[in-house]
Structures are given as structure tokens and as C-alpha cells.
Amino acid sequence: MFGFHYRLERKTIPFVLAIIGAASIGGFVEIAPLFTIHQTVESAPNMRVYTPLELAGRNIYIREGCYACHSQMIRTLRDDVERYGHYSLAVESKYDHPMLWGSKRTGPDLARIGGKYSDAWHVIHLNNPRDVVPESVMPAYTWLKRTELRTADLRLHLKALREVGVPYTDDMIANAPADAYGQANPGTPLADGVIKRYGETTDVNAFDGSPGNVTEMDALVAYLQILGRLTDVASNGPAAGAAEP
Amino acid sequence: MTFIAHDTLVWLSKSIGLFYLLILSAAVVVYAYWPANRKSFERAAKSIIEGEDRPWG
Amino acid sequence: MAQLTRTERQIALALFVGLAVAGLLMVAGGRADPLGLHGALILGVAVFGSFGIISKYYEPLPGADRLREYYDDPSKFGVVAAMVWVAFGLFMGDWVAWLLVNPDLTFDAAWSSFGRIRPVHTTSVIFGFGGNALIATSFYVMQRTSRARLPDQLSPWFVLLGYNLFCILAVTGYMLGITQSREYAEPEWYADIWLVVVWIVYFVTYLRTLARRKEPHIYVSNWYYLAFILVVAMLHIVNNLAVPVSLGHAKSYSLFSGVQDAMTEWWYGHNAVAFFLTSGFLGMMYYFMPKRAGRPIFSYRLSIISFWGITFFYIWVGSHHLHYTALPQWVQTLGMTFSVLLLVPSWASAGNALLTLNGAWHKVRDDATLRFMMIAAVFYGLTTFEGSFMAIRPVNSLSHYTDWTIGHVHAGALGWVAMITFGSIYASVPWLWKRDAMYSARLVEVHFWLALAGTIVYVFAMWNSGIVQGLMWRTYNESGTLTYSFVDSLIAMHPYYIARAVGGLLFLIGALVGCYNMYMTIRAAPQRKRLASTSDMPAAVPAIAPAE
Numbered sequence: 001m002f003g004f005h006y007r008l009e010r011k012t013i014p015f016v017l018a019i020i021g022a023a024s025i026g027g028f029v030e031i032a033p034l035f036t037i038h039q040t041v042e043s044a045p046n047m048r049v050y051t052p053l054e055l056a057g058r059n060i061y062i063r064e065g066c067y068a069c070h071s072q073m074i075r076t077l078r079d080d081v082e083r084y085g086h087y088s089l090a091v092e093s094k095y096d097h098p099m100l101w102g103s104k105r106t107g108p109d110l111a112r113i114g115g116k117y118s119d120a121w122h123v124i125h126l127n128n129p130r131d132v133v134p135e136s137v138m139p140a141y142t143w144l145k146r147t148e149l150r151t152a153d154l155r156l157h158l159k160a161l162r163e164v165g166v167p168y169t170d171d172m173i174a175n176a177p178a179d180a181y182g183q184a185n186p187g188t189p190l191a192d193g194v195i196k197r198y199g200e201t202t203d204v205n206a207f208d209g210s211p212g213n214v215t216e217m218d219a220l221v222a223y224l225q226i227l228g229r230l231t232d233v234a235s236n237g238p239a240a241g242a243a244e245p
Numbered sequence: 001m002t003f004i005a006h007d008t009l010v011w012l013s014k015s016i017g018l019f020y021l022l023i024l025s026a027a028v029v030v031y032a033y034w035p036a037n038r039k040s041f042e043r044a045a046k047s048i049i050e051g052e053d054r055p056w057g
Numbered sequence: 001m002a003q004l005t006r007t008e009r010q011i012a013l014a015l016f017v018g019l020a021v022a023g024l025l026m027v028a029g030g031r032a033d034p035l036g037l038h039g040a041l042i043l044g045v046a047v048f049g050s051f052g053i054i055s056k057y058y059e060p061l062p063g064a065d066r067l068r069e070y071y072d073d074p075s076k077f078g079v080v081a082a083m084v085w086v087a088f089g090l091f092m093g094d095w096v097a098w099l100l101v102n103p104d105l106t107f108d109a110a111w112s113s114f115g116r117i118r119p120v121h122t123t124s125v126i127f128g129f130g131g132n133a134l135i136a137t138s139f140y141v142m143q144r145t146s147r148a149r150l151p152d153q154l155s156p157w158f159v160l161l162g163y164n165l166f167c168i169l170a171v172t173g174y175m176l177g178i179t180q181s182r183e184y185a186e187p188e189w190y191a192d193i194w195l196v197v198v199w200i201v202y203f204v205t206y207l208r209t210l211a212r213r214k215e216p217h218i219y220v221s222n223w224y225y226l227a228f229i230l231v232v233a234m235l236h237i238v239n240n241l242a243v244p245v246s247l248g249h250a251k252s253y254s255l256f257s258g259v260q261d262a263m264t265e266w267w268y269g270h271n272a273v274a275f276f277l278t279s280g281f282l283g284m285m286y287y288f289m290p291k292r293a294g295r296p297i298f299s300y301r302l303s304i305i306s307f308w309g310i311t312f313f314y315i316w317v318g319s320h321h322l323h324y325t326a327l328p329q330w331v332q333t334l335g336m337t338f339s340v341l342l343l344v345p346s347w348a349s350a351g352n353a354l355l356t357l358n359g360a361w362h363k364v365r366d367d368a369t370l371r372f373m374m375i376a377a378v379f380y381g382l383t384t385f386e387g388s389f390m391a392i393r394p395v396n397s398l399s400h401y402t403d404w405t406i407g408h409v410h411a412g413a414l415g416w417v418a419m420i421t422f423g424s425i426y427a428s429v430p431w432l433w434k435r436d437a438m439y440s441a442r443l444v445e446v447h448f449w450l451a452l453a454g455t456i457v458y459v460f461a462m463w464n465s466g467i468v469q470g471l472m473w474r475t476y477n478e479s480g481t482l483t484y485s486f487v488d489s490l491i492a493m494h495p496y497y498i499a500r501a502v503g504g505l506l507f508l509i510g511a512l513v514g515c516y517n518m519y520m521t522i523r524a525a526p527q528r529k530r531l532a533s534t535s536d537m538p539a540a541v542p543a544i545a546p547a548e
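Residue numbers (our numbering), protein chains in the order written: chain A, 1 to 245; chain B, 1 to 57; chain C, 1 to 548.
In isolation and in its complexed conformation, chain A is listed as follows:
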């Protein structure tokens, strides 16, 4: 026994292997079963993927570090559910690469913020939060409205996401920049393409209030408005009940 261990510490390589062994099994035991979890958790056959515009908005959300203050994970606690809505299900973030569950609520949870406020409210709020919530400590994102969204490379973004498992079709990838424009410009021929590819319920709006262009504000508001609405499995699934607090 001790002889083995004595050699272990004298010889560096076995020692290194021992550290790796001791430190890797815990992670493996906890993470590996999660890759078969789809066999047991709820499924959402009608769940749609993010449109190119929403995806671009999500990337702005990441770029600005919104996740540092806003969670997107409603816990199974009574007060969480009553404040923010049905608790978050695993399936709801299955297309989220990476997930944005967050770890801190300096601001409120956003998992089901979609549809709760009007586009116009979001635009004013993002431009200067204190115009609508005087006590807010959120930064003002004044540049979103005046910055044109970069759409030319959206095909590459969708392609990369398909490689990691998001079911974007060839049609969606080919039309990504056009769809980004169409979703922010209702009434144009491009807008019809968005509906065709992403479904009837997709919001097609001049999100930032000014049609004719696509700004970062359009993208971010489109993203905020879809949060919690990619699937209705939470509202139509098993009755919304909270676990004990």
C-alpha cells in the first residue's frame, strides 16, 4: 500500500495521472448522463429555431453582457413562478448555444419577458431605462438605435449553429440576410419569406419604430420579444404548478 504511494509521489508521471483520475470522474459522472437526458425530459415538437434577426439580437445581448445582471431561468419556487411565470423547462433552451441562464438578478429574470411589453416600450427603455423606470440602474444603450445591423455574414452564423446541432435548413441558411431584413420590415416581399420559413406566429415588425432599415435595436427587441415563446410546451404541457419553496 504505502510502497505504491511512495513510488507515486517520487515519480511525477503517475502522480499526474492520479490527479487527473481523482479530478475527472466527478465531472464525468455528473455531465455524461445529461447527454442522454432527451430520453427522459419533455419534448417540444413544435419548437422553432431563432430567426436570423433574433439570433443577431441574441448575439448583441451576449456582446453587451446582459447575462451579468439578468437571469433566464425561472426556478421551481413559488415566488419565482408567481413573479416571472411558469418555471423554465430544460427543453426551452435546447437551441441556446451557449445557454444564458445567468447567475445574478441585479435586474429581473427575462426567461418569459417576450410579449409582456410593447416594442416601443423596449426601444425607449433600452435607449435610456430611466425614461420609463426612474429607479433603474441599467446602463443606457443609446448606440443600438443608430447602429446598422451587420447582416451580410448571417449565413455563416446559421451554418456554424447547424454544425453544433441546431436544425437550420439549407433554405433558412441561404436566405438569412434577407430574412433579417424582412422581419424588421413588414409589408415587403422579404417579410413573407420569414413567415414561410419560421411560421405564422413569428413577429414581423418594425421593432425600432423605423422601417426601411435594420438596426441593432431591431435585432435586440426582436430577441427580447421571443424569449419564452419559442415553444408553448410550458403553458400547454402539464399544469403549471410550483414545487414546495
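Since the hints were derived computationally from the structure, they do not count as laboratory data. For glycine and all other residues, C-beta sits at the position ideal for the given N, C-alpha and C. Accuracy of the hints is not assured; some may be wrong.
Claimed, not checked - Quick list of the computed label-pair ranges, beta carbon to beta carbon:
1. 124/A x 18/C: 50 to 58 Å
2. 33/B x 208/C: 30 to 38 Å
3. 33/B x 436/C: 38 to 46 Å
4. 487/C x 47/A: 26 to 34 Å
5. 11/B x 237/C: 24 to 32 Å
6. 168/C x 12/B: 43 to 51 Å
7. 31/C x 169/A: 25 to 33 Å
Dock chains B and C against the given chain A, drawing on the hints supplied.
Just chains B and C now, kept in the frame of chain A:
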């Protein structure tokens, strides 16, 4: 990893995890308190206090 | 530079040229992307470095007598870099804190908004300050405990300069909007790949030095440093698996999504705490504290038990960040159980440290450097207890998402990590630069009290705000509805946010005092020319003549 059922994997995780914990804990305690190791540990603890001002040739 | 051999100078030049080519390719490929700016930055660093090498290329070559001394120049650089990063990182941290008091302190710029400069703060203090301090002290400690010189003169420089390049890419990236959004692993794919290269060289350098050791037993500090290097590599590689949008884009998409991604991220996140912020710094403590106190560690056996305990308990606990979420409950329970078990090795370490000082309390009273280390051990004990407590599900239901977590993290970061590092740096600066002592013992004292006061103010403010916040969110009135809106809880936070920012300011001032003190120590001429044979300890112990 669909070739293995989720329940099997979970069962494996839980049982291996437990034995792994018990065996490693026991092994480490035995090693640390093995009487023959005592001297080398005491020497090691003192080794940093002296004779380290330059590499040994 | 003066210690580099001809071949090493040639390799260094080749590396810089290679780096310049890589930078150029990034500039070309990322013309339309923030990636191009980082390419230009890398190119600039490489050109600057190349000229540095060329200008000194024909300086006299080092003699063979260098091999009879430890190679401490990289450690000196690392210590200075750590102090620069801590001043910068604490400044950004305090700025972020004031942003929550007055959100208009961003001056309407994109780069200075909360979400972008918060990771600048966390990366600067964790990786800039902590990482440089760990690398610098690990080189110092492994040479002395092995009685062997570093295997060559180039690889330690590659590790340190490469690591700092990674930190600079990370920090500038956030301000440009380049981030993966993975907490404490925000840098994008190209910076991540670069860190893997640097880390492999670090690991190989460590093993090569250990292989040359004259002392048969590997001292326990090295175990902790090795675990730090190895496990951080493992965590970093798995957590950062991603597919870049293209080779001309800084942006990438994580290989994992949803619940797997959350578990992977917090498996990484909590073990960054374990193996970066705990294991490595315990290695530091097990060397510098006994050394400074002039007494061997209280129980070497206990340090072995805690080592294996920490190494295999910690890795399980990440899931306690995901209580009551969509993560399967058995994984949450496993995380909670191991978090509680973790208290055993953690307190064994803290107790071991404090018992080492037992009998040397007069030294703790008189010597602020040793007191830094003692307080660090106390905070380590407090924080690990708090951590295990907060990992219990019902407690976590109150504390999660609130400022309590922030308070807990800072009790660990300011009270444990920063204190043990300051203590170790104050101990090693005179040894490294061959001075009798620090420039001013009184300024060390000032730094100590500012740091302690700052930590206490900060932590108490966050405990209060976190618990108030958590309680307000779950308070019901008689009719069974929630009493407070979210904004109500936000208003209640205001005074605590001011207190926190003041606490942070005290800590920052303390660190600046420390920087000044170190600058003056380094600048001062060696007080007396030391003979090559004298020990580097101020309180001379009989030096053993090296066997030639």
C-alpha cells in the same frame, strides 16, 4: 451517446460515484497515517526551512 | 535577456516572427470583424518583441556560473505584472461598483457599460493578478523545493509573456464586445487556443524542473500547483469547445446547449474557484507561511489528506449553482452533498495553517506580512463554511441570484486570495531582489489595515443587501400576493451599493500603497552586497554549502 439508456447511465454514475468516494478516502487516510511514512513527511515539512538558497549541484 | 543563450535568443526571435505572421493573418482574415483589431494588437506586440530581441542580440552571452543560481527573473516579472493587474482590476471593479450607484458613469460609451467592464474586472483580478502571482510564485517555489534551477531560460518567459498576452486579448476583447458569455471563461476561441499552448509549455516546464530535482520528496506545495495546472487545463479545454463562425470571425458557438451547457459551464466555473483560486493559492500558503514564520507546517499528513480531499470533492460541486433549475434533481443533490463534505478538507487546510502559527503569535503581532497570511487562512475557513452552507438547497433558494453570492465571492477573493497573495509577495520581494526588507514596514501595516477594513465593509454590505433582497422577493402579504415589486428591492439596495463601493475603494487604495512600497523597494539599491553563499532569508539559518 444514444446507445446507452439514460437510466443505466444514471445508475452507473450514482453507484460508481459512491464507491469511488469511499475507496479513495480510505486510501488517502491510510497512506497519510501509515507509520513508515512518518519520517519522510517530517523531513519534507522541515525541508523548506533550510538549505535551499541555491540549486544543489 | 542577459541570461538567454544564443540558441534561446534565436528561438525567441523565431517565435516572435511566428506570432507576427499569426497577427498578420488575423488582420487579413478579420478585416470586417473585431478579430482584425486583435490581429493588429498581436502584430504590434510581436514587432515590439522582435525589436527587443534584435537590439540585445549581440549582448554578452551568459556564463556557465548562472547554473549555480536559481533563475528568478521570470518570477520578478510575474510579481510586477500581478501588482499592475491588481491595481487595474481593482480600479475597474470599483468603477463597476459605482455604476450601480450611478448608472450614468458610463459616459455614454459602449465599451464602458456595466456588462462589458464587469468581465474586465473579473478577468483582471482573477487571471491577471491571481494568474501572474501563481505562475511567479510557482516558479519560485518549485525551484527551491526541488533544489534545482529551471530547465532553460526561454520557456518560463514564454509562459509569462504568453499568459499576459492572453489576459490582454481577453480584457480588450470585452470592451470591443468580444465575449463567449461563459462566466469566467469569456475569451473567444483564438485566445482560448493560445492559452492552451501557453499552458502546455507551463506544464512541461514544471515537470522538467521536477524531473531535475535533487530533493527526492516532492514538497506538498508542488502538489497543489500541479493540480492547479492540470485541472485548469482540463476544465479550460472542455468548457471552451466551440465552433467559430469562420476563421475571420471572433465569434463562436458553444458545442453544448441548454442544460448540458449549464452543467459544463458551472462544472468549469466552480472548479475554476477550486483549482485556480484555491488549490494554487494553497500551494502558495504551504510554502510562504511556514517559511515566513520560520516553522514547519503543523501537520504534513493533514496537508496530504486535504490535498486529495480537495482534488476529488471539489469537482462534484458545480451543480450547486443550478439548484431548483431545469437540471435533474439528483445532480443538484450530488452537488449539495459534496459541497457539505468539502468542508472537511477545507477546514483541515485552514486549521493546519493557523496551527502552524501557534507558538509564533508574537511574530504575527509584529509582522504585517505574516498577519496577511493569517487573516487569509481565517477568511479561507469562513468562506468555505459559508460556501458549504449556501450550497444547501433551502439556503440557496434565498441566496441564489442575490448579492449574497457577490459577498461570498469577495470574502474569498479579497479575504483569502488577495491576502495570501499580498502576504506571499511581501515575503518574496525582498528575497527576489536581494533586499534586507521591504522599503517601509509601516506601509505594509497601512496596506494590511486598509485591505482588512475594505474587505469587511464590502462583505457586510453585500450580506445585508443579499439577504434583504432575497427576503423581499419572497415576502407575501395577507392576501397571498407578493408584497414587493422588483423595483422596490432595487431601491432598498442603494445604500448597500454605496457602502460596497466605498469598501472596494479602501481595498484599492491599500493595493496602491502596496504598489508604491514595492516600487521603492525594487528601486532602492541593495542595502548591502550579499555574498553568494548567504541565505535569502533575512533571519539567517545555517546555509548548507552546495555540493559541487
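Here is how each hint holds up against the structure:
Here the CB-CB span from residue 124/A to residue 18/C is close to 51 Å, well matched to the stated 50 to 58 Å. Checked against the hint of 30 to 38 Å, the C-beta distance between residue 33/B and residue 208/C comes to roughly 33 Å, which is consistent with it. Distance hint check: the CB atoms of residue 33/B and residue 436/C are about 42 Å apart, consistent with the given range 38 to 46 Å. Between residue 487/C and residue 47/A, the C-beta spacing of about 33 Å keeps the proposed range 26 to 34 Å intact.
The given range of 24 to 32 Å is respected by residue 11/B and residue 237/C, whose C-beta atoms sit roughly 28 Å from each other. At roughly 44 Å, the beta carbons of residue 168/C and residue 12/B sit within the given window of 43 to 51 Å. A beta carbon spacing of about 30 Å between residue 31/C and residue 169/A agrees with the range 25 to 33 Å that was offered as a hint.
Violated hints for the displayed structure: none, as all numbered hints are satisfied.
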